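Protein chains in written order, with this note's numbering: chain A, 2 to 113; chain B, 1238 to 1347.
One should not assume that every hint holds.
So the derived list for chain A, only partly shown, Cβ under 7 Å to chain B, looks like this [claimed, not checked]: (1) M42; (2) L44; (3) Y65; (4) L79; (5) G105.
Here are the computed lysine-lysine pairs in the DSSO-like style, where the Cα-Cα straight-line distance is at most 27 Å [as the list claims (entries may be wrong)]: (6) A:K10 with B:K1293; (7) B:K1305 with B:K1293; (8) B:K1293 with B:K1308; (9) B:K1279 with A:K15.
Chain B is nowhere near these chain A residues, computed Cβ spacing over 10 Å in every case [as the list claims (entries may be wrong)]: (10) T8; (11) G54; (12) T71; (13) S98.
To be clear, the hints were calculated from the coordinates, so they are not data collected in a lab. Remember, predicted model here, so these are calculated numbers, not experimental data. No residue lacks a Cβ here, since even glycine has one placed at the ideal position from N, Cα and C.
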Amino acid sequence: NAGVTQTPKFQVLKTGQSMTLQCAQDMNHEYMSWYRQDPGMGLRLIHYSVGAGITDQGEVPNGYNVSRSTTEDFPLRLLSAAPSQTSVYFCASSTSSYNEQFFGPGTRLTVL
Amino acid sequence: GESVGLHLPTLSVQEGDNSIINCAYSNSASDYFIWYKQESGKGPQFIIDIRSNMDKRQGQRVTVLLNKTVKHLSLQIAATQPGDSAVYFCATSSGNQFYFGTGTSLTVIP
Chain A
2 NAGVTQTPKF QVLKTGQSMT LQCAQDMNHE YMSWYRQDPG MGLRLIHYSV GAGITDQGEV
62 PNGYNVSRST TEDFPLRLLS AAPSQTSVYF CASSTSSYNE QFFGPGTRLT VL
Chain B
1238 GESVGLHLPT LSVQEGDNSI INCAYSNSAS DYFIWYKQES GKGPQFIIDI RSNMDKRQGQ
1298 RVTVLLNKTV KHLSLQIAAT QPGDSAVYFC ATSSGNQFYF GTGTSLTVIP
């Protein structure tokens, strides 16, 4: 099993550009989530999904969209990138919200 | 929302000593608690979890203690090794949302 994979590993955007961060898991997990991690802070939940076709907002959803058309994939879209979205983004998956989450390696995003 | 905080941002211990990392949370409805380890440049890695119907759980060299009365969670690492050097996060969950603390950086001195 590859576990949780994220692409790209690094990305530089200009303010106003849009892009999609990819996340995929091969463990047949129902629960998937996106977090951002800023220096000196813990991870903050952006969006999550409890299964295909179901998504919901987390703690910091503004400026981000998600969709979950399959169990395996959970892409995160930045609609119009802002410097405040410079961060490291982690995707995670688990069988449910009451089980161990497996994290991907992260995407380091810089918005100029 | 939930507020999750760790008591010390950094902790240094001698190799072979026991380490204790503490965490406080604010939401009395939190019912699932997890400790993660994060090494530099990597994603968080699960260490141990505990549900609200328990007050202690042991793993290999790690123990998690939960005190729901004072909303306090701790991670104990026995016989700390250099490979334990990392940032440790506690996280709480109620419903489908997780809230992470800010992390404690553990340095093991050989």
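Now the hints, each set against the structure:
no.: 1; hint: M42; in the structure: holds, 6 Å
no.: 2; hint: L44; in the structure: holds, 4 Å
no.: 3; hint: Y65; in the structure: violated, 15 Å
no.: 4; hint: L79; in the structure: violated, 20 Å
no.: 5; hint: G105; in the structure: holds, 6 Å
no.: 6; hint: A:K10 with B:K1293; in the structure: violated, 38 Å
no.: 7; hint: B:K1305 with B:K1293; in the structure: holds, 11 Å
no.: 8; hint: B:K1293 with B:K1308; in the structure: holds, 14 Å
no.: 9; hint: B:K1279 with A:K15; in the structure: holds, 25 Å
no.: 10; hint: T8; in the structure: holds, 14 Å
no.: 11; hint: G54; in the structure: holds, 15 Å
no.: 12; hint: T71; in the structure: holds, 19 Å
no.: 13; hint: S98; in the structure: violated, 4 Å
Against the hints set out earlier in the document, violations occur for numbers 3, 4, 6, 13.
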